[in-house]
Amino acid sequence: MINNLNILLPEIFLTLSIFSILMIGVYIKNSFNLIFNLTSLIILLTLAIILNSSNNVEKIFLESFTRDSFSNFFKILILISSLFVLNSSKNFILDMKLAKFEYPIIILLSILGMFFMVSSNDIILFYLGLELQSLSLYILASIDRDNLKSSESGIKYFVLSALSSGLLLYGCSLLYGFTGTTNFDLIAGELGKENTGAVFAMVFILVGLAFKVSAVPFHMWTPDVYEGAPTSITSYFAVVPKVAGLAVLIKFMLIPFSKILMEWQTIIIFISIASMILGAVAAIGQKNIKRLLAYSSIGHIGYALAGVATGVISGYESTIVYISIYVVMNLGAFSCLYLLKKDGEYKENISDLSGISKKHPILAISFLVILFSLAGIPPLGGFFAKFYVFTAVVEQKMYALAIIGLLTTVISAFYYLKIIKTIYFDASIISFDNTKNKFAQLSIFISCSILLTFFLYPSVLSNVVDTLFLN
Amino acid sequence: MDFPILSTLIFLPLVSSLFIFLSKGQNNNSAIYISLFSSLATFILSLFIWYSMDYSSADFQFIEEQSWINDFIKFKLGIDGISILFIVLTTLITPICIISCINSVKDRVKEFLIAIMILETFMIGVFCSLDLVVFYLFFEAGLIPMFLIIGVWGGPKRVYSAFKFFLFTLLGSVLMLVAIIAIYWITGTTDVTQIYEIKIPKEYQNLLWLAFFSSFAVKTPMWPVHTWLPDAHVEAPTAGSVILAAILLKMAGYGFLRFSLPMFPLASEFFTPLIFTLSIIAIIYTSLVALMQEDMKKLIAYSSVAHMGYVTLGIFTFTKQGIEGSVFQMISHGLISAALFLCVGVVYDRLHSRMISTYGGLVNYLPKYSFLFIVFALAGLGLPGTSGFLGEFLVLTGSFQKNYLVAMLATFGVVLGAAYMLWLTKRVIFGVTKNDQIKNTKDVNKSEIIMLGLLALLVIFFGFYPVPLMETLNVSVDNLINNYEIAVQTKGLN
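Residue numbers (my numbering), protein chains in the order written: chain A, 1 to 471; chain B, 1 to 494.
Careful: at least some of the hints might be erroneous.
Only pairs whose alpha carbons sit at most 27 angstroms apart, straight line, appear in this in silico DSS-like list of lysine-lysine [what the hints assert, rightly or not]:
1. B:K202 x B:K491
2. B:K24 x A:K358
3. A:K359 x B:K24
4. B:K202 x A:K397
5. B:K106 x A:K418
6. A:K358 x B:K106
7. A:K347 x A:K359
8. B:K157 x A:K421
9. A:K358 x B:K164
10. A:K418 x B:K164
11. A:K418 x B:K157
12. B:K157 x A:K358
13. B:K164 x A:K287
14. B:K164 x A:K421
15. B:K199 x A:K397
16. A:K418 x A:K342
17. A:K358 x A:K438
18. A:K149 x A:K342
19. A:K397 x B:K74
If we take Cβ atoms under 10 angstroms as the criterion, some of the chain B residues that face chain A in the derived model are [what the hints assert, rightly or not]:
20. I69
21. F122
22. Y136
23. F138
24. F139
25. E140
26. L143
27. F147
28. G154
29. L170
30. L171
31. L175
32. I181
33. A182
34. Y184
35. W185
The hints are simulated quantities; they were obtained by calculation from the structure and are not laboratory data. Built from N, CA and C at the ideal position, the CB exists for glycine as well.
Generate the whole structure from the sequences, applying the supplied hints.
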């Protein structure tokens with residue numbers, strides 16, 4: 001067994017590093033900068049370890065932990081997006097006086113939790129990873145503790161999330177009760193037989209997961225938490241836990257629930273359609289950009305779930321492509337928010353963007369690219385994300401889902417256009433400070449370049465994703 | 001592989017927009033020169049392609065293929081006798097737009113030129129693509145620059161019009177996207193030439209045809225989804241209106257010819273009565289509406305809807321005259337409507353009004369302008385000797401072979417067309433000068449004479465000598481009709 005410990009190397013390294021920098025934080029005063037930089041370094045090192053590890057399927061600890069190309073891909077995605085979220089928000093953190101040394105450490109802890117989630121092959125390990133991640137997120141949501149809105153969002157998130165975790169845990173215990181095992185592979189074997197009780201378990205687990213990825217009807221917390229939490233945290237919420245949540249969802253569909261396809265497919269189709277519609281309609285009236293992005297992310301989760309709803313590998317692949325492009329778009333969108341600084345205050349209202357195209361042409365054009373991409377207009381990256389998903393959906397002859405999905409993109413195009421209208425058509429009101437936020441600018445640049453040039457060689461992403469399901 | 005001449009043609013404007021972006025200098029002069037130079041280069045390149053292609057073959061030429069999305073969708077380009085005409089029209093109109101914006105666009109000139117150049121890339125792309133997904137990509141992408149052109153540089157109600165334009169078109173096209181994906185799963189390819197060979201099963205054709213129709217009908221625009229067009233035209237800046245009328249509307253007609261007809265011949269036959277009805281309504285109803293307009297741009301916009309009615313009518317007659325007439329009508333309408341919008345733009349730049357009532361008696365003070373305006377108005381109503389006549393004449397000839405009633409009603413539209421155009425001319429050019437401002441208004445300047453004169457020459461030239469266009473079209477249209485007739489006779493069975 002000791003020889004096999006290298007399977008766990010990224011997790012072990014991450015855990016030990018967290019402990020060490022926690023010590024540094026405790027013993028050295030005003031160590032935020034140091035810890036922040038160390039965190040980035042740790043993320044990079046973990047990334048290097050994962051990139052160097054092999055992609056063969058290996059299981060350890062009574063087959064409760066898997067390392068394969070699937071989990072590695074998601075770990076890499078989680079690490080890269082965390083790195084960008086963290087670094088582009090550094091100026092914001094300093095300006096908003098959130099520079100507590102625990103901040104990056106808690107982020108690392110949540111990353112660790114997500115690592116276990118995506119690697120788990122066992123209900124118990126999965127639940128532990130999920131809880132580690134959730135607990136970290138509760139703290140992060142309320143990290144601006146003197147701010148009423150932030151504390152409120154933290155409490156809201158905690159109460160609702162604890163409830164959903166309870167449901168999920170109940171589902172897990174039911175699943176154990178009906179199948180007599182906690183291992184994913186063995187559960188899959190048991191579910192091959194007639195097993196009505198397991199369907200109940202599946203519903204509860206789906207509810208829990210739908211909450212974590214904020215799919216309708218378990219989305220209520222999203223707008224409030226997105227708006228209340230500091231922007232740096234919101235951008236983390238919008239990207240990283242979604243990736244992990246979808247990965248786990250796909251994994252559940254792929255292994256333990258693969259035999260009860262019909263039952264969960266109906267639920268996912270409903271959730272997907274509901275998310276797409278709500279995400280499109282509810283965002284129209286929003287005035288706060290973060291709230292709007294919350295609803296937009298609900299809509300995007302709906303599209304991603306449409307790929308899962310197909311119940312075939314090509315559908316899961318399209319979901320992974322979708323979520324990867326979603327990550328790129330949201331990183332860019334949130335990085336733009338870090339540049340909207342006026343007299344030391346960060347602006348969050350759509351009306352504040354009025355006419356910025358005159359004074360900040362580069363920022364405006366970046367916003368333009370990202371928003372059109374979110375709306376799914378070709379030739380930008382967002383179009384290809386939708387194209388892959390709907391190709392998979394139509395392949396399964398789910399025409400209704402495809403048509404509803406594409407019609408909601410028209411509705412959602414309306415509110416993205418509204419922002420573009422504010423930026424380009426309206427009169428200029430304020431000009432923002434010339435912030436020197438190099439990393440945010442860099443991530444906007446990278447995001448826009450990816451979205452703009454994706455059409456030249458769209459297969460690059462799907463070729464990688466294709467390899468994830470080979471074994 | 002040969003030199004990728006079509007890709008060069010498509011991406012030349014895009015690359016030049018990058019240079020415009022980087023250009024510096026006073027008064028945006030360098031930006032204007034770069035865009036003018038590159039659009040002229042594109043025009044010359046397209047003429048070269050036209051010259052060097054082989055009209056006697058109905059096959060697609062200059063084919064380029066690149067693997068693109070996961071091996072199964074290829075980035076495929078190619079042209080035939082029909083598409084080259086639209087490409088040349090696009091590359092001809094773009095430099096004219098750039099010249100026109102020297103006079104009319106004062107604010108953010110650089111951005112405007114970038115938008116126009118990017119739009120040109122997408123428009124050429126639409127006419128070159130031989131793959132459904134590539135076509136959809138270019139077709140939809142054109143919305144972005146056009147949305148900005150209307151919204152940023154447009155008139156007072158620009159926001160409403162830009163949104164209406166964008167959302168109408170997008171709503172139509174998403175159904176086409178579903179259809180494209182469905183076609184992929186039915187036939188296993190999105191390569192147009194392969195789909196021509198495979199033949200889509202009969203039971204799918206009607207639904208797929210309707211999905212494509214929903215997109216093309218909005219874009220054409222056909223009654224009753226034409227309402228975005230007058231709004232968009234009225235609010236768009238001159239160059240935007242010109243591109244919209246001259247090229248964007250033609251994408252739908254081209255789409256019918258390239259996709260609906262050859263891919264779904266049985267459905268096309270089945271839905272012919274629908275198209276005939278809508279076309280006739282478009283021709284007669286919108287002509288009547290045009291008659292009552294107070295706003296010159298709106299009048300021309302409604303006349304565009306009526307003229308596009310002839311185009312759809314001609315295409316669905318499935319006769320050689322009808323289809324050739326339609327293509328000819330599209331090209332000629334591209335020239336005439338562009339010229340009419342430019343004419344409106346000329347006086348709008350001077351007097352800042354589009355209302356017919358502002359003008360009157362222009363002939364006394366702006367003789368050159370009046371002459372050009374009358375030429376285009378007469379061409380617009382289809383006076384023999386102008387290109388407007390031939391297109392309508394051929395379409396009517398084609399439709400008489402199919403349905404007398406439809407043809408007679410369509411002929412009635414010609415009379416209405418004469419009515420609104422002549423009345424417009426009477427009210428704007430002739431009559432008493434009520435507005436004193438007109439007395440101090442300058443006549444057309446050099447750049448305006450170049451643009452309008454060139455268009456006038458072309459309109460008259462093609463009116464007398466349409467052979468170059470017809471020769472280019474001939475074999476491709478024959479091939480289109482042959483394939484259609486075989487498909488209808490065999491009921492889609494191989």
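Against the structure, the hints come out as follows:
no. : hint            : result
1   : B:K202 x B:K491 : 8 angstroms, holds
2   : B:K24 x A:K358  : 17 angstroms, holds
3   : A:K359 x B:K24  : 17 angstroms, holds
4   : B:K202 x A:K397 : 18 angstroms, holds
5   : B:K106 x A:K418 : 25 angstroms, holds
6   : A:K358 x B:K106 : 14 angstroms, holds
7   : A:K347 x A:K359 : 16 angstroms, holds
8   : B:K157 x A:K421 : 13 angstroms, holds
9   : A:K358 x B:K164 : 24 angstroms, holds
10  : A:K418 x B:K164 : 12 angstroms, holds
11  : A:K418 x B:K157 : 15 angstroms, holds
12  : B:K157 x A:K358 : 20 angstroms, holds
13  : B:K164 x A:K287 : 21 angstroms, holds
14  : B:K164 x A:K421 : 13 angstroms, holds
15  : B:K199 x A:K397 : 20 angstroms, holds
16  : A:K418 x A:K342 : 22 angstroms, holds
17  : A:K358 x A:K438 : 21 angstroms, holds
18  : A:K149 x A:K342 : 21 angstroms, holds
19  : A:K397 x B:K74  : 23 angstroms, holds
20  : I69             : 5 angstroms, holds
21  : F122            : 8 angstroms, holds
22  : Y136            : 7 angstroms, holds
23  : F138            : 8 angstroms, holds
24  : F139            : 8 angstroms, holds
25  : E140            : 5 angstroms, holds
26  : L143            : 6 angstroms, holds
27  : F147            : 7 angstroms, holds
28  : G154            : 8 angstroms, holds
29  : L170            : 5 angstroms, holds
30  : L171            : 5 angstroms, holds
31  : L175            : 7 angstroms, holds
32  : I181            : 4 angstroms, holds
33  : A182            : 6 angstroms, holds
34  : Y184            : 7 angstroms, holds
35  : W185            : 5 angstroms, holds
Going through the hint list in order, the structure satisfies each hint without exception.
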